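Novice: Below are the chains, spelled out letter by letter.
Protein chains: 2
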Amino acid sequence: MKKSCGNLIIIGGAEDKEKECEILKEVVKRSGRKKGDFIVLTAATEEPDEVGALYRKTFSRLNLKDIKIIDIKNRADANREDYNRQVQESRCIFFTGGDQLKITSLIGGTAIYTSLKTAYDAGTLIVGTSAGASCLSSTMIVSGIDDESPRKCTIKMAPGLDILRGILIDQHFAQRGRIGRLLNAVAQNPEILGIGIDENTAVSIEESTEFKVLGSGAVTVVDGSSISHTNVSELSPDETLAITDIKLHILPKGYRYDIENRITLHEKKEEGNKNEDN
Amino acid sequence: MKKSCGNLIIIGGAEDKEKECEILKEVVKRSGRKKGDFIVLTAATEEPDEVGALYRKTFSRLNLKDIKIIDIKNRADANREDYNRQVQESRCIFFTGGDQLKITSLIGGTAIYTSLKTAYDAGTLIVGTSAGASCLSSTMIVSGIDDESPRKCTIKMAPGLDILRGILIDQHFAQRGRIGRLLNAVAQNPEILGIGIDENTAVSIEESTEFKVLGSGAVTVVDGSSISHTNVSELSPDETLAITDIKLHILPKGYRYDIENRITLHEKKEEGNKNEDN
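Going down the list, the protein sequences come from chains S and A.
Start counting the first sequence at 1; every next residue gets the next number (our numbering).
Start counting the second sequence at 1; every next residue gets the next number (our numbering).
The hints are simulated quantities; they were obtained by calculation from the structure and are not laboratory data.
This structure is a prediction, so every number in the text was calculated from the model and none was measured.
Cβ coordinates follow ideal geometry from the N, Cα and C atoms, glycine included.
Be aware that one or more of the hints could be misleading.
Mimicking EDC-like on lysine to aspartate or glutamate, the simulated pairs with C-alpha atoms at most 20 angstroms apart in a straight line are [claimed, not checked]:
| # | chain 1 | residue 1 | chain 2 | residue 2 |
| --- | --- | --- | --- | --- |
| 1 | S | K19 | A | D238 |
| 2 | A | K253 | S | D238 |
| 3 | S | K102 | S | D77 |
Derived DEER-like restraints, expressed as beta-carbon distance ranges [as the list claims (entries may be wrong)]:
| # | chain 1 | residue 1 | chain 2 | residue 2 | range |
| --- | --- | --- | --- | --- | --- |
| 4 | S | L62 | A | D258 | 53 to 61 angstroms |
| 5 | S | K156 | A | S138 | 39 to 47 angstroms |
| 6 | A | S233 | S | K156 | 37 to 45 angstroms |
| 7 | A | K156 | S | E20 | 24 to 32 angstroms |
| 8 | S | R165 | A | N63 | 25 to 33 angstroms |
| 9 | A | E46 | S | S60 | 50 to 58 angstroms |
| 10 | S | P237 | A | A111 | 50 to 58 angstroms |
| 11 | S | S105 | A | E206 | 24 to 32 angstroms |
Here chain S is said to cover these stretches of chain A; the calculated rule only asks that three of the stretch's residues, wherever they fall, bring their Cβ under 8 angstroms from a Cβ of chain S [what the hints assert, rightly or not]:
| # | segment |
| --- | --- |
| 12 | 14-23 |
| 13 | 65-73 |
| 14 | 168-181 |
| 15 | 209-219 |
| 16 | 251-258 |
The whole structure should be built from the sequences, with the hints applied where relevant.
Specialist: This is how it looks when you write it as structure tokens:
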């Protein structure tokens, strides 16, 4: 049996910061379950001051006045004693967007990475949006070609923060036409579940093996376990892949998915049981 | 049992006209199996002279010197005796790109429509690219939102030329991020098979219930027969759809698909039989 996840809200980027703020309100609410700092970690972005100020203003409007912004500028920062103590004792760590490789190359192998894992295991809510979402998985997508069918060697992947295992996250999903690159990634190892999150849409996990969808778009689940054939290991670079019998789910707000058993929970409801949503 | 199709080459738009011309060479080759005119039908486009000249030049380079260009400017043209005779006696009818509604609104219910069906039943090769591809199905997608997850009422459909039954074609597929709109269409009636064709990619059918993929991109098959749940009939306009357990195939050049039995033919090969490709 796979280990249950901790507390996660994984956002597909471009979350509403001005109107309903459905997702960020949920972040505020969920972060209140534990004591400690609410940390916004701006390591991913080239504009940490602007991004930090935007989140400070946005969360302030949502009655969260005391956020701490930590900008990791270099690997020395990621070993700073004060940052580490704050991360260990935090109630929420929010990874902003930017470049996922900036996050992992600055944080990987440092004290703050260990502190992050310790905090997560102790119940701290980990939130990531856009690049901050991608980096949470064991292997992350770094780049690929949007609006294209999957072709061999057109996707770059790298080791992620390993917070969310067995899952590959993609973000800005429908808006940037990324089904091809997620299929490409999943075909390379169909053990991995592919989760494509639209803008202003999020996957929320509360210490379980299920996620629930929040926000205005859809979450696309690519389940490769049913793949009957792929030629991914046979092709030359740039050749278009063959992948047959992929299982796909499009899940809007309120829908749940059981990661461990790879089933949408609406099915369970129709089979006469537990799920109260929809 | 579904009726076998006739001779069709359905192109996802932007087919190579300058380099290898793989798809257009196949069109020329296949059209040679019957006597009669090779007709380019420019009804879809607002620039029939330019488009006609381009195909005349392109096919000429492929040693097809005698194409006839028929431009249907209005419904009176679609009832012209000379055009009708040419269509009835043709060996190939090639629908160019443009606007699929222009094709159906000009041709539907006219003599040329009847002649087209007669020719198709008699073995004439029907080719369509882009809008000319979309119009071939019984119901066609007219418009939708690219690069977006499926939302209720965001796709427009209309009756097509009814040449290809039980199938919904979408074109410029990966390049314009159209998986969302094809899923949207299929969810509305999963009896229909969704076929998304990339640019410079085609589906070729030779009097059978199987198609084969040609060209540089992929054909995405959306098989909705496995859909276990959709809320398409319950939502308000603009709400994001839920669709679970969609079966998806990504098929590059050389791969075949059995439309009647909804299986990729590579599977058959692995089960020890007939298909010689790949």
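Novice: Work down the list of hints and note, for each, if the structure agrees.
Specialist: A quick look at each hint next to the structure:
1. S:K19 <-> A:D238: 18 angstroms, holds
2. A:K253 <-> S:D238: Holds: K253 of chain A and D238 of chain S sit about 13 angstroms apart, inside 20 angstroms.
3. S:K102 <-> S:D77: Holds: K102 of chain S and D77 of chain S sit about 13 angstroms apart, inside 20 angstroms.
4. S:L62 <-> A:D258: 53 to 61 angstroms: Holds - the Cβ-Cβ distance for L62 of chain S and D258 of chain A, about 54 angstroms, lies within 53 to 61 angstroms.
5. S:K156 <-> A:S138: 39 to 47 angstroms: Holds, since K156 of chain S and S138 of chain A (Cβ atoms, about 42 angstroms apart) stay within the stated range.
6. A:S233 <-> S:K156: 37 to 45 angstroms: Distance hint for S233 of chain A, K156 of chain S holds at roughly 41 angstroms.
7. A:K156 <-> S:E20: 24 to 32 angstroms: 29 angstroms, holds
8. S:R165 <-> A:N63: 25 to 33 angstroms: Distance hint for R165 of chain S, N63 of chain A is violated at roughly 58 angstroms.
9. A:E46 <-> S:S60: 50 to 58 angstroms: 53 angstroms, holds
10. S:P237 <-> A:A111: 50 to 58 angstroms: 52 angstroms, holds
11. S:S105 <-> A:E206: 24 to 32 angstroms: 53 angstroms, violated
12. 14-23: Our answer is that it is violated, as 0 residues pass the Cβ test (under 8 angstroms) against chain S, missing three.
13. 65-73: violated (count 0)
14. 168-181: holds (count 7)
15. 209-219: Check passed, 3 qualifying residues.
16. 251-258: holds (count 4)
Hints 8, 11, 12, 13, counting from the list given before, are not met by this structure.
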